[in-house]
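> One line per chain: the protein sequences are Y and S, in this order. If you're matching positions, the first sequence starts at 0 in numbering that gives the first Met the number 0 and goes up one per residue. If you're matching positions, the second sequence starts at 0 in numbering that gives the first Met the number 0 and goes up one per residue.
By construction, these hints were calculated from the structure, which means they are not laboratory data. Quick caveat, the model's predicted, so the values are computed rather than measured. Cβ coordinates follow ideal geometry from the N, Cα and C atoms, glycine included. One or more hints might be untrue.
[As the list claims (entries may be wrong)] Below, simulated EDC-like cross-link-like pairs (lysine to aspartate or glutamate); rule was C-alpha separation at most 20 Å, straight line: (1) Y:K718 / Y:D623; (2) S:K102 / Y:E586; (3) S:K1 / S:E128; (4) Y:K10 / Y:E264; (5) Y:K10 / Y:D299; (6) Y:K238 / Y:D185; (7) Y:K215 / Y:E187; (8) Y:K238 / Y:D2; (9) Y:K636 / Y:D594; (10) S:K1 / S:E129; (11) Y:K421 / Y:E448; (12) Y:K268 / S:E128; (13) Y:K668 / Y:D657; (14) Y:K260 / S:E128; (15) Y:K54 / Y:E711; (16) S:K77 / Y:D185; (17) S:K102 / Y:D255; (18) Y:K620 / Y:D683; (19) Y:K12 / Y:D2; (20) Y:K666 / Y:D683; (21) Y:K260 / S:E123; (22) S:K115 / S:E8; (23) S:K102 / Y:E264; (24) Y:K24 / Y:D255; (25) S:K102 / Y:D258; (26) Y:K268 / S:E8; (27) Y:K324 / Y:E313; (28) S:K77 / Y:E665.
[Said to hold, decoys possible] Rough simulated footprint, nothing fancy, chain S against chain Y, three-plus residues with beta-carbon under 8 Å: (29) 35–49; (30) 247–260; (31) 328–337.
[Unchecked claim] Residues of chain Y clear of chain S, computed beta-carbon distances all greater than 10 Å: (32) K10; (33) K24; (34) G141; (35) N184; (36) N186; (37) R216; (38) Y539; (39) N565; (40) T698.
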Amino acid sequence: MMDRKNLEDMKAKHRVLTEYSFAKKPLHRGYNDRTLYVNVGTLEIKEKPVSEEMKEKFVGGKGFGLRLLWDGVTEKTRWNDPENEINIAVGPVGGNTNYPGSGKSLVVSLSPLTDIPIDSNVGGHFGPYLKFSGFDALELQGKAERDVIVYIDGNAGSVKVFEAPDEETNSHLLAHQLHEMFADNDNERQHISVVSAGKGAENTLLGCLNFSLWDKRRNGPRLKQAGRGGIGTVLRDKKIKAVVVKFSGLNSLLNDPADLKVIQERGVKLHKEIVSLDSQQCRMRTCGTAHLVEIMNDYDLLPVMNFQYGQHPEAEKINSHVWEKFFTQNVPEGCWYGCTMACAHAVDGFLLKTGPYKGERVVVDGPEYETVGGCGSNPAIFNPEAVLEINFYCDTYGIDTISFGTLTAFVMECYERGILNKERTGGLEMTWGNWEATLEMMHQMARGEGFGKIAGLGIKKMEEYFARHFGADEGFLRDIGVQGKGLEQSEYMSKESLAQQGGYYLTNKGPQHDEAWLIFMDMVNNMIPTFEKKAEALHYFPMFRTWFGLQGLCKLPWNDIEPADNAKHPEPNKVPEHVQNYLDIYEAVTGKGLDKEGMILQSERVYNFQRIFNLRMGHGKRNDDYPPYRAMGPVTKEEYESRQERYDGQLKEKLGVDPSGKSVEEKIKILREYKLKQYNGLIDAVYLRRGWSPEGVPTVEHLQKLGMDLPELVETVKKHLK
Amino acid sequence: MKYLKSDSEKCIGCGTCMNVCSRLYFKEENPERSAIRVFTQEGSQKIVVCNQKCRLCVQECPVQALTVAKTGVVVLNKNLCVGCLACVAVCPIGAMQYFPGEKSPFKCVACGACAKECPADALEIVTQEE
Chain Y
0 MMDRKNLEDM KAKHRVLTEY SFAKKPLHRG YNDRTLYVNV GTLEIKEKPV SEEMKEKFVG
60 GKGFGLRLLW DGVTEKTRWN DPENEINIAV GPVGGNTNYP GSGKSLVVSL SPLTDIPIDS
120 NVGGHFGPYL KFSGFDALEL QGKAERDVIV YIDGNAGSVK VFEAPDEETN SHLLAHQLHE
180 MFADNDNERQ HISVVSAGKG AENTLLGCLN FSLWDKRRNG PRLKQAGRGG IGTVLRDKKI
240 KAVVVKFSGL NSLLNDPADL KVIQERGVKL HKEIVSLDSQ QCRMRTCGTA HLVEIMNDYD
300 LLPVMNFQYG QHPEAEKINS HVWEKFFTQN VPEGCWYGCT MACAHAVDGF LLKTGPYKGE
360 RVVVDGPEYE TVGGCGSNPA IFNPEAVLEI NFYCDTYGID TISFGTLTAF VMECYERGIL
420 NKERTGGLEM TWGNWEATLE MMHQMARGEG FGKIAGLGIK KMEEYFARHF GADEGFLRDI
480 GVQGKGLEQS EYMSKESLAQ QGGYYLTNKG PQHDEAWLIF MDMVNNMIPT FEKKAEALHY
540 FPMFRTWFGL QGLCKLPWND IEPADNAKHP EPNKVPEHVQ NYLDIYEAVT GKGLDKEGMI
600 LQSERVYNFQ RIFNLRMGHG KRNDDYPPYR AMGPVTKEEY ESRQERYDGQ LKEKLGVDPS
660 GKSVEEKIKI LREYKLKQYN GLIDAVYLRR GWSPEGVPTV EHLQKLGMDL PELVETVKKH
720 LK
Chain S
0 MKYLKSDSEK CIGCGTCMNV CSRLYFKEEN PERSAIRVFT QEGSQKIVVC NQKCRLCVQE
60 CPVQALTVAK TGVVVLNKNL CVGCLACVAV CPIGAMQYFP GEKSPFKCVA CGACAKECPA
120 DALEIVTQEE
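Please build the complete structure, drawing on both the sequences and the hints.
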């Protein structure tokens with residue numbers, strides 16, 4: 000329990016800038032049919048109606064967020080202009096308490112890392128509580144003069160913006176303060192959710208948003224992250240300290256579903272599947288996504304030393320068996336109610352060794368696989384306690400663990416290769432595995448000081464900086480800086496899977512695995528050997544997965560649990576029974592029938608809209624869709640030699656080139672030309688399948704076919720279709 | 000700990016217990032609304048009802064709507080319940096029930112109403128040391 004007097008003192012300093020009341024009305028079939036607009040600069044607050052056309056073409060979630068963002072900005076808007084927005088939305092199916100994985104919020108904004116729209120999905124209670132408070136989306140615009148909190152009381156029907164000078168900025172403290180401050184009694188703490196960032200988000204471009212949930216058993220807040228693309232940085236640039244929602248009275252009928260029985264039946268069936276099969280499948284209930292560490296290491300896919308290698312003998316020090324012991328077991332760990340997959344594990348009572356909270360015992364949310372890959376194996380930090388400390392500070396400072404991990408690995412490689420040295424880093428010895436230096440770099444990021452300030456710009460800007468200031472070879476930096484469109488790649492090795500190179504780099508927002516994860520299908524099981532088959536997979540899976548983001552759903556209960564007889568069905572990699580569940584629950588919520596083709600059409604509309612949004616912002620064409628060579632093949636001699644048998648074999652079998660007598664450098668060059676040619680072939684096939692021109696621009700005919708020939712879209716593509 | 004002890008050997012499958020239970024808690028005689036379930040399986044009677052012992056549902060409940068009362072009985076606070084039905088799935092014997100289309104699940108609270116009316120003396124309320 001927090002000191003009540005302190006909270007009262009903080010509250011006494013609040014200065015209400017504006018207040019707004021809204022009429023409470025029940026949802027209809029998963030929708031409120033209105034969104035909430037809050038401008039923290041002009042202090043305008045209003046409701047916007049949601050039209051039938053908006054629902055038909057944009058569905059909800061990411062679709063609503065992008066539509067509102069498009070209307071809020073111009074082609075000249077940059078991330079730190081007041082016009083930029085942070086839009087948070089769930090979706091028609093989201094917020095139901097029965098089907099596992101139904102509590103995702105989708106956040107969109109113009110990204111400080113990429114200058115195009117970013118979308119990031121996150122658990123925690125904010126999105127569903129916002130929805131049941133009465134809004135299908137929250138649109139935040141403007142820039143406050145001093146730190147403000149936006150407070151939405153879904154029961155009272157009010158929105159307030161007030162200055163809040165004394166609350167903490169870092170999330171683990173701020174979230175706790177606000178849960179306690181806005182709850183009228185102990186039980187209400189579970190009816191509150193806080194969106195916040197931290198000092199790291201303020202002083203870098205890597206800011207994430209923390210979405211809280213109150214954990215009754217731990218008697219404290221937990222934090223889930225909308226990690227990617229720097230949205231936390233946008234929040235702090237707007238001088239928003241937090242957005243708080245309160246909603247009491249949650250139950251399974253609030254969506255006004257057309258048929259609750261169906262949702263319950265499918266939900267209980269999946270709950271039972273998870274409870275009975277998870278221990279033999281992914282062990283999500285005991286270790287979460289961290290179970291992937293040993294699998295990736297076994298298959299040579301775990302990023303090691305800035306994606307040079309895919310395995311390391313010390314990986315066992317940070318695999319799931321280690322985390323299983325750290326994680327406090329036997330507590331439900333869902334990030335939304337009704338998720339028995341319960342992958343959101345935590346470490347209790349962790350003693351911090353560095354930084355402003357040194358000596359304190361804290362709860363660490365995670366680590367999840369991406370954090371272990373990014374902040375463990377990639378910078379070669381095979382020390383679980385160090386990974387936990389990095390995880391904790393990333394979260395509370397509001398820094399994305401994926402961008403932080405990938406850029407730390409990049410910095411270390413630059414240091415090891417002499418591009419950086421102690422003088423250039425201001426004394427930080429960024430050698431492989433140096434976790435103390437890594438944490439110091441992070442504390443510098445949070446303070447906006449020293450080398451941390453440069454690293455906090457992200458890899459793309461570091462490449463430019465190192466070339467300009469340190470005379471480093473820009474081409475080499477571009478080869479080893481594992482980013483696309485300005486976004487750091489997430490933590491899988493794509494080098495040996497052409498399809499996954501596409502899965503990462505033929506994406507709308509940059510190399511994040513949430514669009515497509517095709518490595519096993521492509522590399523391990525060889526199921527998609529031709530360009531056409533790869534292109535089909537790079538059409539279907541990104542579209543299918545986009546659908547989760549339109550509905551407010553989590554991807555994990557789709558294929559991280561499989562029915563016992565899944566393998567007997569055609570196309571088991573699509574998990575057909577679970578796809579049918581999604582169609583059924585969509586209909587059971589909205590009352591509208593949907594088939595598999597309709598599902599893909601819903602996604603394709605929004606996917607193409609986002610692609611065209613990129614074009615509108617001056618990006619999103621073919622030349623933006625290439626990976627750095629490190630993500631495609633061996634850049635250096637050591638990398639070639641680590642997989643010499645494989646690469647020599649490729650030269651012989653695929654190119655008819657005899658590798659004997661050739662130097663490694665020659666072989667690297669030949670292989671590189673081949674890999675680039677392959678990638679170009681893949682782009683051609685994928686663009687064709689997606690209905691885009693060879694330059695990656697959606698064609699007018701394709702937009703007409705999708706029913707997306709909206710005037711603003713046609714006008715934009717026409718400028719680029721020559 | 001108080002619980003409803005059942006003896007399926009004695010059960011004659013008359014269904015009185017289900018009628019008593021559903022009438023008491025849902026004002027209708029409907030086996031689908033009964034916290035105790037009796038059915039025939041492979042020629043013999045089977046009784047499914049919470050034994051109050053394993054408490055996996057209590058552990059799983061994300062809102063602590065399921066708690067163990069002083070008597071040792073697992074009880075549901077419907078005001079806290081969000082209707083996720085995770086408890087239904089984790090119950091190893093299928094004793095946590097829900098009626099399709101209604102918000103909250105339900106279970107035996109060892110009230111003993113059924114035991115009083117069982118014509119075959121197959122049910123009794125027992126108190127056991129924890």
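> Work down the list of hints and note, for each, if the structure agrees.
Checked hints:
Between K718 of chain Y and D623 of chain Y the CA atoms are separated by roughly 17 Å; this keeps the pair inside 20 Å, and the hint holds. Proposed proximity of K102 of chain S and E586 of chain Y is supported: the alpha carbons are some 19 Å apart, at most 20 Å. Proposed proximity of K1 of chain S and E128 of chain S is supported: the alpha carbons are some 9 Å apart, at most 20 Å. Restraint check for K10 of chain Y and E264 of chain Y: the C-alpha separation of about 45 Å exceeds 20 Å, so the hint is violated.
About 53 Å separates the Cα atoms of K10 of chain Y and D299 of chain Y, which puts this hinted pair outside 20 Å; it is violated. About 29 Å separates the Cα atoms of K238 of chain Y and D185 of chain Y, which puts this hinted pair outside 20 Å; it is violated. Among the hinted pairs, K215 of chain Y with E187 of chain Y is consistent with the structure: their alpha-carbon atoms are about 10 Å apart, no more than 20 Å. Annotation: proposed proximity of K238 of chain Y to D2 of chain Y is violated, straight-line Cα distance about 26 Å (limit 20 Å).
Taken as a hint, the K636 of chain Y and D594 of chain Y pair is broken in the structure, with Cα atoms around 51 Å apart against an allowance of 20 Å. Of the pairs offered as hints, the one joining K1 of chain S and E129 of chain S holds, with about 9 Å between alpha carbons and a cut-off of 20 Å not exceeded. Of the supplied pair hints, the one linking K421 of chain Y and E448 of chain Y holds, its CA atoms being roughly 16 Å apart against a limit of 20 Å. Taking the CA atoms of K268 of chain Y and E128 of chain S, the gap is near 35 Å; set against the 20 Å cutoff, the hint is violated.
At roughly 14 Å between alpha-carbon atoms, K668 of chain Y and D657 of chain Y fall within 20 Å of each other, so this suggested pair holds. A distance of roughly 40 Å separates the Cα atoms of K260 of chain Y and E128 of chain S; the hinted pair therefore is violated under the 20 Å criterion. With a C-alpha separation of about 18 Å, the suggested pairing of K54 of chain Y with E711 of chain Y holds against the 20 Å cut-off. Among the hinted pairs, K77 of chain S with D185 of chain Y is consistent with the structure: their alpha-carbon atoms are about 17 Å apart, no more than 20 Å.
Annotation: proposed proximity of K102 of chain S to D255 of chain Y holds, straight-line Cα distance about 12 Å (limit 20 Å). In summary, the hint linking K620 of chain Y to D683 of chain Y is supported, as the alpha carbons are separated by about 13 Å, within the 20 Å threshold. A hinted pair counts as satisfied when its Cα atoms are at most 20 Å apart, and K12 of chain Y with D2 of chain Y qualifies at roughly 16 Å. The suggested pairing of K666 of chain Y with D683 of chain Y is violated, with an alpha-carbon distance near 26 Å, which exceeds 20 Å.
Among the hinted pairs, K260 of chain Y with E123 of chain S is inconsistent with the structure: their alpha-carbon atoms are about 34 Å apart, more than 20 Å. Using a Cα cut-off of 20 Å, the hinted pair K115 of chain S and E8 of chain S holds, with the two alpha carbons roughly 18 Å apart. Our distance criterion of 20 Å between C-alpha atoms is met by K102 of chain S and E264 of chain Y, whose separation comes to about 13 Å. For the proposed pair K24 of chain Y and D255 of chain Y, the alpha carbon gap of about 12 Å is at most 20 Å, so the pair holds.
Of the pairs offered as hints, the one joining K102 of chain S and D258 of chain Y holds, with about 12 Å between alpha carbons and a cut-off of 20 Å not exceeded. For the proposed pair K268 of chain Y and E8 of chain S, the alpha carbon gap of about 31 Å is over 20 Å, so the pair is violated. Taking the CA atoms of K324 of chain Y and E313 of chain Y, the gap is near 18 Å; set against the 20 Å cutoff, the hint holds. The suggested pairing of K77 of chain S with E665 of chain Y is violated, with an alpha-carbon distance near 72 Å, which exceeds 20 Å.
Only residues whose C-beta sits within less than 8 Å of a C-beta in chain S count toward coverage, and the stretch 35–49 of chain Y has 0 of them, not enough to reach three; the restraint is violated. Chain S is given as covering the stretch 247–260 of chain Y, and this holds because 6 residues of the stretch bring a CB closer than 8 Å to a CB of that chain, at least three being needed. Counting residues of the stretch 328–337 of chain Y whose C-beta lies closer than 8 Å to any C-beta of chain S gives 6; at least three are required, and the coverage claim holds. Non-interface call for K10 of chain Y relative to chain S: holds, since the shortest CB-CB distance, roughly 27 Å, exceeds 10 Å.
Its beta-carbon lying about 20 Å from the closest one in chain S, K24 of chain Y satisfies the requirement of being farther than 10 Å from that chain. A cut-off of 10 Å between C-beta atoms confirms that G141 of chain Y is not in contact with chain S; the least separation is 35 Å. Non-interface status of N184 of chain Y relative to chain S is upheld: no Cβ of that chain comes within 10 Å, the nearest being about 13 Å off. Distance to chain S contradicts N186 of chain Y as a non-interface residue, since its nearest Cβ pair spans about 7 Å, not more than 10 Å.
Not every CB of chain S is more than 10 Å from the CB of R216 of chain Y (nearest about 7 Å), against its label as outside the interface. Every Cβ of chain S is farther than 10 Å from the Cβ of Y539 of chain Y; the closest lies at roughly 30 Å, confirming the non-interface assignment. Against the 10 Å criterion, N565 of chain Y stays outside the reach of chain S, whose nearest CB is about 19 Å from its own CB. Residue placement check: T698 of chain Y keeps its beta carbon more than 10 Å from all beta carbons of chain S (closest about 45 Å).
Violated hints, listed in ascending order, are 4, 5, 6, 8, 9, 12, 14, 20, 21, 26, 28, 29, 36 and 37; each of the other numbered hints is respected by the structure.
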